[in-house]
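A.B. asks: So the sequences go chain by chain: A and B. Take the first sequence: its position 14, counted from the start at 1, is 5 in our numbering, and no numbers get skipped. Basically our numbering = 1-based index in the second sequence + 169.
Because the hints were derived from the structure by calculation, they are not lab data. Since the model is a prediction, treat every value here as computed from it, not as a measurement. Treat the hints with caution; some may be incorrect.
[Claimed, not checked] The list that follows gives simulated cross-link-like pairs (lysine to any residue, SDA-like), each with its CA atoms no further than 20 Å apart: (1) B/Lys290 to A/Ile2; (2) A/Lys(-6) to B/Arg224; (3) B/Lys228 to A/Ile3; (4) B/Lys228 to A/Pro(-3); (5) B/Lys290 to B/Ile346; (6) A/Lys(-6) to B/Phe225; (7) B/Lys228 to A/Gln(-4); (8) A/Lys(-6) to B/Asn232; (9) B/Lys283 to A/Thr(-2); (10) B/Lys284 to A/Ile3.
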Amino acid sequence: MIKIQPTVVSIILVISFGIVLFFLGTDGYRAFTAESARTYELIQNKPNFPSVTLQDSSNRTYTFDEFAEGKYVFITFMYTNCGTVCPQLELNMAEVYDLIPSKYIGEDIVFLSISFDPTRDDPETLTKYRSYFGSDGETWRMARINDQAELDALLERLGVIVIPDGYGNFQHNTAFYLIGQQGHLIEMMDFTEIEKSSNTVLSYLDNKVEE
Amino acid sequence: MKLAKYGLVLYLFLALPPVANLLESIMIVHMHMQMPLLIASGFLMGRFFQLKFPRFFEKWNSNGVPGIILFIIVWSYWMIPRAMDEAITIQAVEIFKFISLPLLAGVPLRDSWKKLASVGKDITFVYFILMFLIMGWIYIGSESQVCNNYLLVEQKTVGFGSLAIAACIIIYLLQLIFIDQSEFDEVQKD
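With these hints in hand, go ahead and build the complete structure from the sequences.
C.D. replies: So, in structure tokens, the structure goes:
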């Protein structure tokens, strides 16, 4: 019989431990950043959109459910003072908006940009900002959530992390969100992939994909 | 044994909530100071475990290879951006950090390094040079946040910090090659 060295046994044990550790720590080698872990978990769990009260650029106040009325809702999170990624995000959103056939717009799907900087993004500011991107203020609205607790709950639920950088700006993760007719999150899409995102949205609108 | 006590003091100091919070609030300090210090505390405490369980180390880590592999695995794990993020947001992960870095990285490093053949040491150095270079490349090059809890600017700082560490290891290896070590070895023996 061959005698196995104890060190060989411990090497095997140690390597197995490493494989298990990395497997558990990355959801089976799928998520190496907390962001990808969140995306993965969100898509698995499909959380409900929490109840929030919106104030839009026309100074109207209503809850999210009153706005959605059982339609699909295409959502982005932004703040108007943002000089980097938000204008790009909203420009890309405008392109998705243009790619969706107009028969669906307002009937089956509405667009919503939510500001997470309610202190500065009042209705006047949002009106100005809206005009830069061709948002009509009806089928694509820009709104803020005045209640900080509601806003925090929403950001937490959808995995949006916003860190103030101390200079009046925010560092935040960016994505397109699609809320289904039942009011839960069904898709998180890469905002740089305009065509892919609009195809995903269309596949729902054309009833090709079951929710 | 005196060093083992210093190690314990260092460990307890690092575990104080205000100290831990402060160190974790800055990304580069979290990754390149708190974590190595935790390993160092384990390294110092390692003597205690060596004296307490001499047969265990002698039997299972006689050539130092399993220990150094464990050290490499555990430290590499904590270089994953997600592990760092979750250490801040999830309590259990934070506890695991405070257990794994001293006990599963520091202690095995202490026990293994002297036992390792020089080729083992060389492989370890090369591994860490590559790891820190790749990390530097990822953290500096990434246009998006790798860690949700830290700003992009901090991320780039970590990248440059990693490059600096890689550079230090390279310089250390170069001086090993180009400077005559025999005199130093003699002084140590005396």
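A.B. asks: Of all the hints given earlier, name the ones this structure violates by number, lowest first.
C.D. replies: Hint check: nothing fails, all pass.
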